[in-house]
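Protein chains: 2
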Amino acid sequence: MALVGFGNVGKAVARVIVEKRDLLQKIGFEPVVVAVFEKNGSWIDENGLNLQEILQKGESSPAWVEGASAKEHIPEMDCDIVVEMTVTNIKDGEPGLTHIREALKSDKDVVTSNKGPLVLAFPELMDMAEKKGRILLYEATVGGAIPVFHVAREALLINRITAITGILNGTSNYILTKMTEEKVSFNAALREAQEKGYAEADPTYDVEGIDAASKLVILANGILGLRKKLSDVQIEGITRITPEMVELAMEDGYLVKHIGYVDRDRVEVMPRLIPRSSPLAVGGTLNVISLRTDVAEEITLIGRGAGPRETSSAILGDILHIHRVREGY
Amino acid sequence: MALVGFGNVGKAVARVIVEKRDLLQKIGFEPVVVAVFEKNGSWIDENGLNLQEILQKGESSPAWVEGASAKEHIPEMDCDIVVEMTVTNIKDGEPGLTHIREALKSDKDVVTSNKGPLVLAFPELMDMAEKKGRILLYEATVGGAIPVFHVAREALLINRITAITGILNGTSNYILTKMTEEKVSFNAALREAQEKGYAEADPTYDVEGIDAASKLVILANGILGLRKKLSDVQIEGITRITPEMVELAMEDGYLVKHIGYVDRDRVEVMPRLIPRSSPLAVGGTLNVISLRTDVAEEITLIGRGAGPRETSSAILGDILHIHRVREGY
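One line per chain: the protein sequences are R and X, in this order.
Taking my numbering, the leading residue of the first sequence gets 1, the next gets one more, and so forth.
Taking my numbering, the leading residue of the second sequence gets 1001, the next gets one more, and so forth.
Don't read these hints as lab results, they were simulated from the structure.
Any given hint could turn out to be false.
[To be verified] Residues from chain R that face chain X, not an exhaustive set, calculated with beta carbons under 7 Å:
#1 150
#2 157
#3 304
Heads up, the beta-carbon is just placed ideally off N, CA and C, and yes, glycines get one too.
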């Protein structure tokens, strides 16, 4: 296995692997991490790195190789799974897109938390994986810890999934929840989200619905089998929502929520009125994803949409799924 | 495969198998059903029954064998999976308990929707399955269509699950929702539930929390690895809840919900105040199950807790899981 990207998510994955070594051993999985790549170089040891040491010593670990890049090393590396966790870039998908292409080309399975490559090149990457007989999993790209792709692919396999509805961005959900509970303006709620670290200095991606639309594209392609691009999504942000609108909705038993929706006819992210008693009416930074199916009816999943440790649950779920497929259990 | 029990759930499973034959074929699974057992006899054909014909013709189908019983035929039958769907009986677990024991003894995998045998004999049945190297799955026993055991066992495998909270009975949730929305008494809400077919003439199991407690026992044993019995659960029903209590709770932003809770210290089913914004605050006949984990934090699943077709999604999920394990994918 190789970890590509050693920011908050990469470090959380390394920490959980260290923390859960006994559990992993018990289920017959002893991960050997031969490389950890970050921007300026990498830690490399073909016999298996000591992740705890890397987490503690960083670049002063003896395994550190200044300047060694993932792009250059992935093709020749002797490892079975590449875990791509570099930062999302929805302009050109790089450097993640190249990492995933190189990994698949050189016959490695891929697990990724990086939305960029999937938003831009879902059909290409899936075709590439299929041709190579490799697995490409991406549970962590949507809904953080929520195992929605797993549920759709496995537990609900007998179902035809016909539509997906969800709150896919914790920041905008936090802002709308604050506006509802404290009757404050969008700007006041945004400032609070920024102070608490839930929103970036430039909150455009979150509040204009671009992040949610990216996730919706991955859900549409990964679960409904569509071939949607970001430009197919009709997007409306939450910046023009006023406390008055929120209050009026409340009087009628509704909440204003930023909802992503996709079926065979529509793909959209926009503010919508949701009945307070709906499973979609979750507050705070929570994410929710609801699958409309033809046998199980509506199945809804709720969880933390972000957070490095929570996200690592999804990444390790994917890694363990690949292990299970290989071991046949 | 053999279907044991041909009531609403058994028929729904047969219907979905017929309806989804193309999908099943596409994923490489062509179920051969060699026997369908009901109370007075069975349909038997070792070359595979025509389920559509049985659904249409019932006992006038040529495959019908009057008086042939599951108990007598399971041990000698040449089939790989026994699907036990007889009616739940939490007094002595019969006839389901005998069916499951006989199936495991004669080296068959088992899928069941029957709570009785698991509530009464979970450790015994699991030990028996393990010794025999067989699989015993029971997704449909709790939460209808909600794939909670699947999620806990597979997608969240890296997590330690430390507590489970949920609304496990749709009837009592419907009654409490009516009391909240229409400010009516328990008795008026119960009558409406009975008129709509959501509650039995004798609603004791539902409104006194015995059904929810049974499901909690299965969750405790199946997910937390405990060895709880029904008598370990502290149970309080909803019959003494008044519209005044519901109203007072509402004024403070809470809903009265009938909540099952289990961790290593407590197992209980009782009315509790849940914040309106909580993922647990679902209305109508919906069920909800929330898993507290050490990596993913809280993961919540919501869905239909009953309904033959919805339940068949869980049963077929289990059957397909066994197929996947065998085929190693």
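Quick rundown of the hints versus the structure:
no., hint, in the structure
1, 150, "4 Å, holds"
2, 157, "5 Å, holds"
3, 304, "5 Å, holds"
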